[in-house]
Amino acid sequence: MPRRLPGACVLSVFGLGAMLFSGIPLLAHHSFGAEYDGNKPVTLTGVVTKVEWTNPHSYFYVDVKDEKGNVVKWACEGAGPGALSRRGFKKGDAKIGDTFIVDGYRAKDGSNLIDARRVTLPDGRAIYGGTPGDGGPGDTGPQSEAASAKK
Numbered sequence: 024m025p026r027r028l029p030g031a032c033v034l035s036v037f038g039l040g041a042m043l044f045s046g047i048p049l050l051a052h053h054s055f056g057a058e059y060d061g062n063k064p065v066t067l068t069g070v071v072t073k074v075e076w077t078n079p080h081s082y083f084y085v086d087v088k089d090e091k092g093n094v095v096k097w098a099c100e101g102a103g104p105g106a107l108s109r110r111g112f113k114k115g116d117a118k119i120g121d122t123f124i125v126d127g128y129r130a131k132d133g134s135n136l137i138d139a140r141r142v143t144l145p146d147g148r149a150i151y152g153g154t155p156g157d158g159g160p161g162d163t164g165p166q167s168e169a170a171s172a173k174k
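Each position in the sequence shown, counted from 1, maps to that position plus 23 in our numbering.
FYI, nobody ran anything at the bench for these hints, they're computed from the structure.
Treat the numbers as computed from the prediction; the structure is a model and nothing was measured.
For every residue, glycine included, the Cβ atom is placed at its ideal position computed from N, Cα and C.
Hints may contain errors.
Under the rule of at most 20 Å between Cα atoms (straight-line distance), these lysine to any residue pairs were calculated in the SDA-like manner [stated by the list, open to error]:
id, residue 1, residue 2
1, Lys73, Thr143
2, Lys113, Trp76
3, Lys113, Thr72
4, Lys96, Arg148
5, Lys96, Gly133
6, Lys63, Val95
7, Lys88, Leu67
8, Lys88, Lys113
9, Lys118, Asp146
10, Lys118, Gly92
11, Lys88, Ile119
12, Lys114, Glu58
13, Lys118, Thr72
14, Lys113, Glu58
15, Lys73, Lys88
16, Lys91, Thr66
17, Lys73, Pro160
18, Lys88, Asn135
19, Lys118, Lys91
Pair ranges (Cβ atoms, derived) [said to hold, decoys possible]:
id, residue 1, residue 2, range
20, Ala149, Gly103, 30 to 38 Å
21, Pro160, Gly103, 17 to 25 Å
22, Gly147, Gly56, 17 to 25 Å
23, Lys91, Gly111, 31 to 39 Å
24, Val95, Glu75, 12 to 20 Å
25, Arg148, Tyr82, 27 to 35 Å
26, Arg148, Lys91, 13 to 21 Å
27, Gly120, Gly61, 18 to 26 Å
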């Protein structure tokens with residue numbers, strides 16, 4: 024006959040599992056300084072090829088022609104969808120084939136990844152794309168983000 028685990032033991036195991044799984048989304052969220060170099064600003068003008076409107080960070084991808092005319096694929100990381108929407112950048116504003124101008128900072132590892140601090144849309148609107156409170160250049164902080172949402 025199998026032994027039964029006491030109720031407290033079963034609850035402890037489930038509680039531990041819940042704590043472990045609840046921490047997984049936190050691993051994806053990072054500070055600016057963990058991945059990007061504030062001393063390496065870059066401006067890209069490129070054609071949008073893909074959009075990932077996801078939490079905790081959104082991404083869009085652009086094809087940029089280099090000085091020799093070769094197409095270079097870049098990934099641009101921005102704030103989450105909620106923060107971008109509060110700033111006036113909606114999911115439908117990023118369409119495949121649109122040309123974006125992106126001002127940001129290059130990844131420390133030298134890959135074609137930038138933190139998109141300002142995104143200029145085809146209609147001329149410039150949107151702050153940084154994540155509130157990430158400590159990067161132009162950081163609006165969580166308090167500023169909440170204040171601007173009330174306006």
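(message) For a C-alpha distance cap of 20 Å, please report whether Lys96 and Arg148 respect it.
(response) violated, 23 Å
(message) Against the 20 Å threshold, does the CA-CA distance of Lys118 and Lys91 hold or violate the hint?
(response) violated, 26 Å
(message) Check whether the Cα positions of Lys88 and Lys113 lie no farther apart than 20 Å.
(response) With a Cα-Cα distance of about 26 Å, the restraint between Lys88 and Lys113 is violated, given a limit of 20 Å.
(message) What's the verdict on Lys114 and Glu58, does the C-alpha distance respect the 20 Å limit or exceed it?
(response) violated, 25 Å
(request) Sort out whether Thr72 lies within 20 Å of Lys113, counting only the CA atoms. (result) It holds: about 17 Å lies between the C-alpha atoms, which stays within 20 Å.
(message) Does the beta carbon distance between Pro160 and Gly103 stay inside 17 to 25 Å, or does it fall outside?
(response) The hint (17 to 25 Å, Cβ to Cβ) holds, given that Pro160 and Gly103 are roughly 19 Å apart.
(message) Lys118 and Gly92 were given as a pair; does the straight-line alpha-carbon distance stay at or below 20 Å?
(response) violated, 23 Å
(request) Can you let me know if the beta-carbon spacing of Gly147 and Gly56 is within 17 to 25 Å? (result) violated, 31 Å
(request) Indicate whether the distance between the beta carbons of Ala149 and Gly103 respects the range 30 to 38 Å. (result) violated, 19 Å
(message) Hint check: Lys118 vs Thr72, CA-CA at most 20 Å. Holds or violated?
(response) holds, 8 Å
(request) Could you grab the alpha-carbon distance between Lys96 and Gly133 and see if it respects the 20 Å cut-off? (result) holds, 13 Å
(message) Between the alpha carbons of Lys113 and Trp76, is the straight-line distance 20 Å or under?
(response) Within the cut-off at roughly 9 Å; holds.
In summary, the structure is inconsistent with hints 4, 8, 10, 12, 14, 17, 19, 20, 22, 25, 26, 27 from the numbered list given earlier, while agreeing with the others.
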